[in-house]
Amino acid sequence: MSASVPLRLESVSKSFGDVQALKPLSLHVRAGEMLALLGPSGCGKTTTLRIIAGFEMPETGSVFIGERDVTELPPNKRALGMVFQNYSLFPHMTVAENIAFGLKMRGVGAADRLARVRQMLGLVRLAQFEDRSVHQLSGGQQQRVALARSLVTDPAILLLDEPLGALDKNLRERMQFELREIQRRLGITSILVTHDQEEALTMSDRVAVMSEGEIVQIGTPTEVYERPRTRFVSEFLGTANIFEGIVKGEAGAGEWTVALDRGGEARLAGDSGLATGRRVSFAVRPERLRIGPPSGSALMAKVQDVVFRGSYYAYELVVAGQDEPVFIYTQSRATVPADGMVGLSWSAQSAILLGERPSP
Amino acid sequence: MSSRALSEPAPPIRTRRSGRFRLARISWTWPALLFLAVFFVVPLGANVLRSVTGPETAAHGIFAYYTKLLTDAYYAGILIETFRVATVTTLVCLLVGYPVSYFMVRYAGRWNGLIVFCLIAPLLTSIIMRTFGWNVLFARRGLFNTWLVQSGLIDRPLDILNQPVMVYIGLVHVLAPFMVLSITSVLQGVDVRLEESARILGAGKIATFLRITLPLSLDGIATGCILVFVLTNGSFLTMLLLGGGKVTTLSLLIYQQFNLTQDVAFAAAMGNVLLLFALVCLALQARFVRREGVKQ
Ligand SMILES: Nc1ncnc2c1ncn2[C@@H]1O[C@H](COP(=O)(O)OP(=O)(O)OP(=O)(O)O)[C@@H](O)[C@H]1O
Ligand SMILES: [Mg+2]
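Protein chains in written order, with our numbering: chain A, 1 to 360; chain B, 1 to 296.
These are calculated hints, taken from the structure and not from any lab test.
The structure displayed is predicted, hence computed values, not measured ones.
Using N, Cα and C, we set each Cβ at its ideal position, and we do this for glycine too.
Hints should not be assumed to be uniformly reliable.
To be verified - Pairwise CB distance ranges, derived in the manner of DEER restraints:
| # | chain 1 | residue 1 | chain 2 | residue 2 | range |
| --- | --- | --- | --- | --- | --- |
| 1 | A | 173 | B | 26 | 26 to 32 Å |
| 2 | A | 64 | B | 108 | 32 to 38 Å |
| 3 | B | 214 | A | 110 | 19 to 25 Å |
| 4 | A | 73 | B | 214 | 37 to 43 Å |
| 5 | B | 26 | A | 41 | 45 to 51 Å |
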């Protein structure tokens with residue numbers, strides 16, 4: 001296995017007609033890490049990947065693999081591996097021929113090819129499927145053949161475009177685990193494109209959240225989940241309850257008191273230098289909200305609905321004067337009075353201050 | 001209420017209706033079958049009969065006409081010529097058609113409709129009009145010759161109109177669309193991402209074409225080739241009107257036998273040989289064209 005190399009995009013941009021698919025975008029993928037590109041449909045994830053692969057020429061900027069500028073290189077000279085959403089296995093070849101294709105193109109001899117193919121089949125646990133036609137494989141098996149095919153040539157970078165998108169939920173979870181395991185073992189620098197936030201959070205070392213052709217935040221899964229910088233990021237990465245209010249003053253070490261628009265007061269931790277009187281919005285994750293008695297809580301709300309979701313209860317509540325409902329996830333059922341009126345509270349640490357940037 | 005509903009026997013609506021429907025479906029094909037029987041099967045049978053009962057069969061056995069066709073140097077030559085014209089036309093159509101198909105599927109986008117129209121257009125014009133068009137283009141003082149002479153490439157105008165090449169031009173002009181449409185329909189099912197996968201795996205443009213695109217479009221190529229081959233064998237107007245009558249193929253000969261020589265039995269035998277050609281082609285197609293596996 002060759003040593004891991006980093007990947008760098010420097011102010012890469014691309015437009016199709018008058019659609020600006022990518023605004024000048026820079027991205028640094030560290031050697032050996034798995035970076036997830038996460039974002040809603042049409043935000044430019046595939047375009048980014050296709051520029052890295054060499055299928056699209058960026059209008060500005062450059063692509064570096066390791067220290068080498070590959071912007072002008074055709075896809076076949078870039079030493080990449082890629083797994084497509086629909087796997088794109090060659091239908092006229094067997095499993096072994098599919099995997100051997102890349103080696104054949106590099107002029108590897110037949111005996112070596114066979115040895116490498118067998119080794120890869122072992123890696124993806126498909127040893128007995130060597131001579132099968134690809135039509136005779138299940139979705140998960142095809143996925144693994146596609147992975148083996150992309151890894152057999154020892155690529156410098158592995159590109160994964162929604163690799164698990166076509167699998168059902170159970171299989172997807174298993175494959176997430178398997179894919180991650182293989183990626184770690186080989187230490188190959190990888191980019192995973194997905195619009196599934198859970199997949200991005202569970203599989204990657206870092207997540208780059210994209211919106212409208214830009215990277216709006218990049219960080220470890222915990223960082224982007226716990227400390228989203230904008231309302232968009234907080235809402236895209238799972239459910240977020242957004243509250244607004246005005247800073248009333250400092251309340252001790254790094255905590256501020258906020259007068260909420262919908263009544264009540266709450267505490268907010270974090271950023272130093274929040275000026276008194278400033279308008280702020282912040283997010284609280286559903287699992288960080290607590291249901292309590294009306295007295296002594298930040299906000300009053302009325303329980304609308306409660307759903308058991310297997311491992312937790314999901315409460316939907318309405319706060320008077322606010323259109324969007326508030327969601328709360330709890331492990332155990334809360335005691336709700338007959339009129340449904342409860343108090344909401346949260347710790348200062350779980351309130352996430354959101355940036356000024358207007359959300360799309 | 002509910003007990004009454006339960007005690008009532010269920011009316012057999014479903015079974016009766018579906019039974020009648022199926023019966024109707026079979027009977028609906030009768031007009032078509034009748035039509036085929038009267039205007040296709042019977043004439044074919046009559047033709048076979050005619051070819052083995054003509055005047056010469058009395059003297060030389062019932063296969064007299066077939067023997068003559070295959071052994072007489074002149075007729076055997078025409079058989080070979082027929083085969084050659086069809087093969088060359090097919091190959092030229094393939095060479096001209098494949099790039100057009102590829103362009104249509106991969107790059108044409110919204111121009112696709114226009115290209116299809118341009119392809120079909122020659123089929124909508126009568127052979128007389130087309131012949132006239134070729135005359136305008138290729139006559140001694142036509143556009144093509146004038147241009148060649150003026151550009152200094154040749155000294156004297158070429159007599160293209162009366163050369164066999166004119167027949168090929170005429171045939172390719174009308175038959176290429178069949179090739180293009182056959183290949184296009186299959187090529188559309190070849191996912192671009194298969195080509196991209198091959199590129200990423202280290203294949204250059206040519207290797208990608210030879211190892212991925214071409215093998216996956218073989219079905220379309222086979223269908224197109226067989227179609228063009230069979231259609232070339234069947235055309236005689238092009239040979240009659242273009243190229244100064246220098247190319248004689250079996251179908252043109254049949255036309256002449258029926259209309260000029262009136263040797264009906266011999267014409268029938270030739271017709272049957274031509275039919276056999278077509279049947280062999282269709283059998284080949286059924287055998288080799290898979291029509292599966294391209295779309296994942
Ligand atoms: N070949 C193309 N021609 C024209 N516009 C394109 C082309 N490819 C992408 N676009 C546009 O560029 C933008 C970004 O597309 P891209 O495919 O990168 O999105 P994505 O983030 O991968 O979305 P999805 O999650 O739906 O796959 C979209 O607005 C899309 O319509
Ligand atoms: Mg995409």
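Each hint tested on the structure:
Between residue 173 (chain A) and residue 26 (chain B) the Cβ separation comes to about 51 Å, which falls outside the hinted range of 26 to 32 Å. Evaluation of the 32 to 38 Å hint for residue 64 (chain A) and residue 108 (chain B) yields a pass: the beta carbon distance comes to about 35 Å. Checked against the given bound of 19 to 25 Å, the beta carbons of residue 214 (chain B) and residue 110 (chain A), roughly 22 Å apart, stay inside it. The supplied range of 37 to 43 Å is broken by residue 73 (chain A) and residue 214 (chain B), whose beta-carbon atoms lie about 25 Å from each other.
Taking the beta carbon of each, residue 26 (chain B) and residue 41 (chain A) are about 49 Å apart, inside 45 to 51 Å as hinted.
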